[in-house]
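Visitor: Okay, here's what each chain looks like letter by letter:
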Amino acid sequence: MSDRAPADAAPLWSALRRFASWDAVIIAATALFLVVAASTVEHFGTARNAGHIIVDLAPVLLLALVMTLIVATGEIDLSVASTVGLTGAAMGWMWNHGIALETIMPLTVLLGALLGAVNGLFITGFGLPSLAVTIGTLALYRGLAYVVLGDTAVADWPRDFTGWTLGTIGDTGVPNIVVPLIALALVVGLVLHCTPIGRAVYAAGANPVAAAYSGIAVGRLKCWLYVASGAMAGLVGVFWTLRYSSARADNAYGLELTVVAVVLLGGVSIFGGKGRLPGVLAAVVLLTALQNALRLAHVSTETLTVVTGALLIAAVLAPNLLTAAGDALRSRRRRAAASL
Amino acid sequence: MTIPAPTRTPTGSTVLDLVLRFRALGLLLALAVLVGATASVNARFLSGQSVRDLLFAAAVTVLLACGMTTVVLTRGIDLSVGSTLGLAAYLTADAMSGGVPVPLAVLIGLLVGLACGAANGAIVHFGKVPPLVATLGTLYVFRGIVYFTAGGSRVNASDLPGGFLDFGNGTLLGVPYLFLIAAAVLAVVALFLRDYRSGRDLYALGSNPEAAALAGIPAGRRLMTAYALSGTLAGLGGVLYAARFGTVDASAGYGMELDIVAAVVVGGVAIFGGSGTVLGAALGALLLTVIDNALPVLSIPPFWQQAIVGALILAAIALDRLVALRAARALRKKGSHVG
Amino acid sequence: MSRKRLLSITASLLAGVLIAASACGGTTRGDDEGDGPTGTGGTANPDAEYRTGLSFAMLPKQVNNPYFEASSTGAETVAAELGGEYEFTGPSDASASSQVSYIDTLSQQATDVILLSANDPNALCSSLDQARSGGSVVVTFDSDVDPACRDLFVSQVDSAEVGLALLEMTAEQIDGTGEIAVLSATANATNQNAWIDVMRAELESNPSYADMELVEVVYGDDEDEKSFSETQGLLQAHPDLRAIVSPTTVGIAAAARYLSGSEYQGQVALTGLGTPNQMREFVKDGTVTEFALWDPTALGELAAYTGAAAASGIITGAEGEVFTAGDLGEYTVGADGVVTLGPPTRFNAENIDDFDF
Numbered sequence: 008m009s010d011r012a013p014a015d016a017a018p019l020w021s022a023l024r025r026f027a028s029w030d031a032v033i034i035a036a037t038a039l040f041l042v043v044a045a046s047t048v049e050h051f052g053t054a055r056n057a058g059h060i061i062v063d064l065a066p067v068l069l070l071a072l073v074m075t076l077i078v079a080t081g082e083i084d085l086s087v088a089s090t091v092g093l094t095g096a097a098m099g100w101m102w103n104h105g106i107a108l109e110t111i112m113p114l115t116v117l118l119g120a121l122l123g124a125v126n127g128l129f130i131t132g133f134g135l136p137s138l139a140v141t142i143g144t145l146a147l148y149r150g151l152a153y154v155v156l157g158d159t160a161v162a163d164w165p166r167d168f169t170g171w172t173l174g175t176i177g178d179t180g181v182p183n184i185v186v187p188l189i190a191l192a193l194v195v196g197l198v199l200h201c202t203p204i205g206r207a208v209y210a211a212g213a214n215p216v217a218a219a220y221s222g223i224a225v226g227r228l229k230c231w232l233y234v235a236s237g238a239m240a241g242l243v244g245v246f247w248t249l250r251y252s253s254a255r256a257d258n259a260y261g262l263e264l265t266v267v268a269v270v271l272l273g274g275v276s277i278f279g280g281k282g283r284l285p286g287v288l289a290a291v292v293l294l295t296a297l298q299n300a301l302r303l304a305h306v307s308t309e310t311l312t313v314v315t316g317a318l319l320i321a322a323v324l325a326p327n328l329l330t331a332a333g334d335a336l337r338s339r340r341r342r343a344a345a346s347l
Numbered sequence: 035m036t037i038p039a040p041t042r043t044p045t046g047s048t049v050l051d052l053v054l055r056f057r058a059l060g061l062l063l064a065l066a067v068l069v070g071a072t073a074s075v076n077a078r079f080l081s082g083q084s085v086r087d088l089l090f091a092a093a094v095t096v097l098l099a100c101g102m103t104t105v106v107l108t109r110g111i112d113l114s115v116g117s118t119l120g121l122a123a124y125l126t127a128d129a130m131s132g133g134v135p136v137p138l139a140v141l142i143g144l145l146v147g148l149a150c151g152a153a154n155g156a157i158v159h160f161g162k163v164p165p166l167v168a169t170l171g172t173l174y175v176f177r178g179i180v181y182f183t184a185g186g187s188r189v190n191a192s193d194l195p196g197g198f199l200d201f202g203n204g205t206l207l208g209v210p211y212l213f214l215i216a217a218a219v220l221a222v223v224a225l226f227l228r229d230y231r232s233g234r235d236l237y238a239l240g241s242n243p244e245a246a247a248l249a250g251i252p253a254g255r256r257l258m259t260a261y262a263l264s265g266t267l268a269g270l271g272g273v274l275y276a277a278r279f280g281t282v283d284a285s286a287g288y289g290m291e292l293d294i295v296a297a298v299v300v301g302g303v304a305i306f307g308g309s310g311t312v313l314g315a316a317l318g319a320l321l322l323t324v325i326d327n328a329l330p331v332l333s334i335p336p337f338w339q340q341a342i343v344g345a346l347i348l349a350a351i352a353l354d355r356l357v358a359l360r361a362a363r364a365l366r367k368k369g370s371h372v373g
Numbered sequence: 003m004s005r006k007r008l009l010s011i012t013a014s015l016l017a018g019v020l021i022a023a024s025a026c027g028g029t030t031r032g033d034d035e036g037d038g039p040t041g042t043g044g045t046a047n048p049d050a051e052y053r054t055g056l057s058f059a060m061l062p063k064q065v066n067n068p069y070f071e072a073s074s075t076g077a078e079t080v081a082a083e084l085g086g087e088y089e090f091t092g093p094s095d096a097s098a099s100s101q102v103s104y105i106d107t108l109s110q111q112a113t114d115v116i117l118l119s120a121n122d123p124n125a126l127c128s129s130l131d132q133a134r135s136g137g138s139v140v141v142t143f144d145s146d147v148d149p150a151c152r153d154l155f156v157s158q159v160d161s162a163e164v165g166l167a168l169l170e171m172t173a174e175q176i177d178g179t180g181e182i183a184v185l186s187a188t189a190n191a192t193n194q195n196a197w198i199d200v201m202r203a204e205l206e207s208n209p210s211y212a213d214m215e216l217v218e219v220v221y222g223d224d225e226d227e228k229s230f231s232e233t234q235g236l237l238q239a240h241p242d243l244r245a246i247v248s249p250t251t252v253g254i255a256a257a258a259r260y261l262s263g264s265e266y267q268g269q270v271a272l273t274g275l276g277t278p279n280q281m282r283e284f285v286k287d288g289t290v291t292e293f294a295l296w297d298p299t300a301l302g303e304l305a306a307y308t309g310a311a312a313a314s315g316i317i318t319g320a321e322g323e324v325f326t327a328g329d330l331g332e333y334t335v336g337a338d339g340v341v342t343l344g345p346p347t348r349f350n351a352e353n354i355d356d357f358d359f
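From first to last, the protein sequence lines are chains F, P and U. Sequential numbering of the first sequence, starting at 8, is according to the numbering used here. Sequential numbering of the second sequence, starting at 35, is according to the numbering used here. Sequential numbering of the third sequence, starting at 3, is according to the numbering used here.
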């Protein structure tokens, strides 16, 4: 398994592997796709369609920001979509009880943080596997959302607020939502790639024992990440409710799988320790734009389902196969060289 | 999936046995309390019809929980079982409504399940794709294939042979045939995991993959076995689903994977692999089914159902952790006295 | 230590927010009265011809549902008759958010007539507004949205009429006495909730139903298996139950299948809304005496004609306008732009073999 291959043995493979990190591949693929789709799919390249894509991808992108960090530490949070549902339901309940929307919104985010803290407590406090814990809270939070709102939908949200979520900045045609999206993505990106916190995240994911010995409080770090994930889900709960002017217990049902899918597609290793935010952002754009293009091209829903699944597997399979092929090629050359 | 708990210490088999037995006893106790409480509110909960209904509902869940257990033991997970079940159920029912003889149609269902499971196993083992990712992907892919083949059509009970439906709803001495099948499968898988070398290997693979490799355990073949078994049982589940419900459309088994994972976790199978029994998983499946059936009888609003299941999962894993810590501490203390 | 810090941060944040909001006032419920329904504008020309070459798109609650496939067949026939294009598209899960994406796509493609069965009365409004301002005619059918957000609604039947018909069939089958329960679709379903409300009100107020009591409403989520087990739960929870009313095609079929294989067959009456093809065997084996439904194919046809009429300027959606929907005959637009297909058809052992859908 030594990487010390003769210099001329497989320059192509090693160069490719060094140069083409997965997030570079996914960014290139996304750019290529956008160009091809804009020139071949009718109505795809319009400003209005771009606006639709951006508003559609906002919830997934926001949730994927923190999910990237969590997966990079080697954990997972499957409860995000249920947290969106529960915080949205709580928002509707508060609105029904005459609380001002300006109070409701921060309270909703706070509730999300609290729900995230419950995950964090179970996972880092009790040392339980995050997969099992968040499958539990996935069911629990969604169930509580139904307990809070039952079969009713709260829909009488003020137009000033619901209008904002779909509105554009002045006459530019750029959706309002772009500003918070870029701001939050920048913050998370900087934290992950330019601060000690980010290095701690990768260290905790790559080797938790070594990270602990080098003075990183792995438990506390993970706990705060779950709080952040919950708070972000609360924020998405607010956005979702206002964007659809409808607080319902089934808001964002099943979205957790999409979020996990884009994070993995973006090149974050499910084992932790690897992955970069730009790749994830590109994956969010790719998946949303792909779905949009397929709809515009009159391709059936079934295809969307299959494509999502296949992309997910391919994202992990392709680099593995590439590596395996490279190794095979190199060892064959080495054998050939030895037999000479 | 995730990193193994670093604090897990190998416990002596006697302590481990105790914990596992305690676990099964705890589940039985919970079941008894729940059934007792429900029956005291409404005695009809224990009537023949009601128990039959319960066993009907539990049959498919128990079956899938057996398959899921073998996969989870190897540190894997199979999220595609719901989609596999849907695919097998639809293809079986469609074949029968098209005049294919029943035994052949059932075989089709089993083979579809086997193929799905083998695909999962191959992606996990040969593709080196983490099980969570691989089966999340095939969850979408298999479901997409069901949508493709079924489209908007639905196989109605009137299209299926009467004998097949009679079998699906028939009982032997009050016990549904479907449940008897599930129980037989449970016994076989339990025996396989307990007494057969390849079964024990699954535990070894889950506890310590490196050590298992050094001990010469063929990881690839064992993993393929586990996933193929899970797929085949999901296929069989699909056949039973078709027999019981008669109506099969593209959404059969949608979202079922979480129920099955929940049953396995509640049943005490460690999500990091290496420990747990199919009997525990089956008891977990039974407990969840009883809860589902008891809530309406207790007149608890249906909205609470999911919240209770979630709380139960959390309680189960927290309890397991507590018991494991206790056991480890007791073992250490004993060790220090002797030493 | 960190937990204490977390707590203090949380508390101060909370206090700050509350003070700020109470000091400055805020937006509370009722501050913003929604604007009332807006007409389509323009004037109708009842003598105009149907325009040819219109593009139609039907967006059902979800694809892969036989009920909507039948509606689609009807709409497609009309589209072909009028020389138009036709597309049947939609999400595979019945959620409002995925429908929004499809509406955006259709408005992007400048589809002339959108035929929609909505998953949520409010969530689709902003997208529908966009589509309409882009020139599309939005006709809802089967399940409506807020009247302000669409041009017309083609109702299968009047919701009061369905509720009353369901209650009437139930009363006939149990001689007007005893406990009844409802097995509904999802808890949020607009139609079913409207019908159940009508039933509740009628049970309260109509003296001839004084001896009937609605003991529970359960939700089968339009999933076969869930409906099946909810039925068995109902029968256990209410030993004196006389009848189950299931106003959804998935629910009634599941309930019938459960009853026909149980000791309750013939003891507990079952009625509701179902398709003849799914219910035929249960009517024949005596599990079900009578149930009702409208013809979904005719519903799809009427929706397509209504959309075409609006797109051709024959109607605008104002009350009292009249148009001819091909073989279906003449229809009049009611209040709030509602066009009603007609009374539901009742199916029983005598007539069920005359229908095939």
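Read the hints as simulated data drawn from the structure, not as lab findings. Please note that a few of the clues may not be correct.
[Unchecked claim] In the SDA-like style, the derived pairs of lysine to any residue whose C-alpha atoms are separated by at most 25 Å in a straight line are:
#, chain 1, residue 1, chain 2, residue 2
1, U, Lys228, P, Ser232
2, U, Lys228, P, Ala341
3, P, Lys162, F, Leu318
4, P, Lys162, P, Gly82
Visitor: Now look at each hint and say whether the structure bears it out.
Guide: Comparing the hints with the structure gives:
no.: 1; hint: Lys228/U - Ser232/P; verdict: 38 Å, violated
no.: 2; hint: Lys228/U - Ala341/P; verdict: 17 Å, holds
no.: 3; hint: Lys162/P - Leu318/F; verdict: 16 Å, holds
no.: 4; hint: Lys162/P - Gly82/P; verdict: 49 Å, violated
Going down the numbered hints, you'll see the structure goes against 1, 4, while the others check out.
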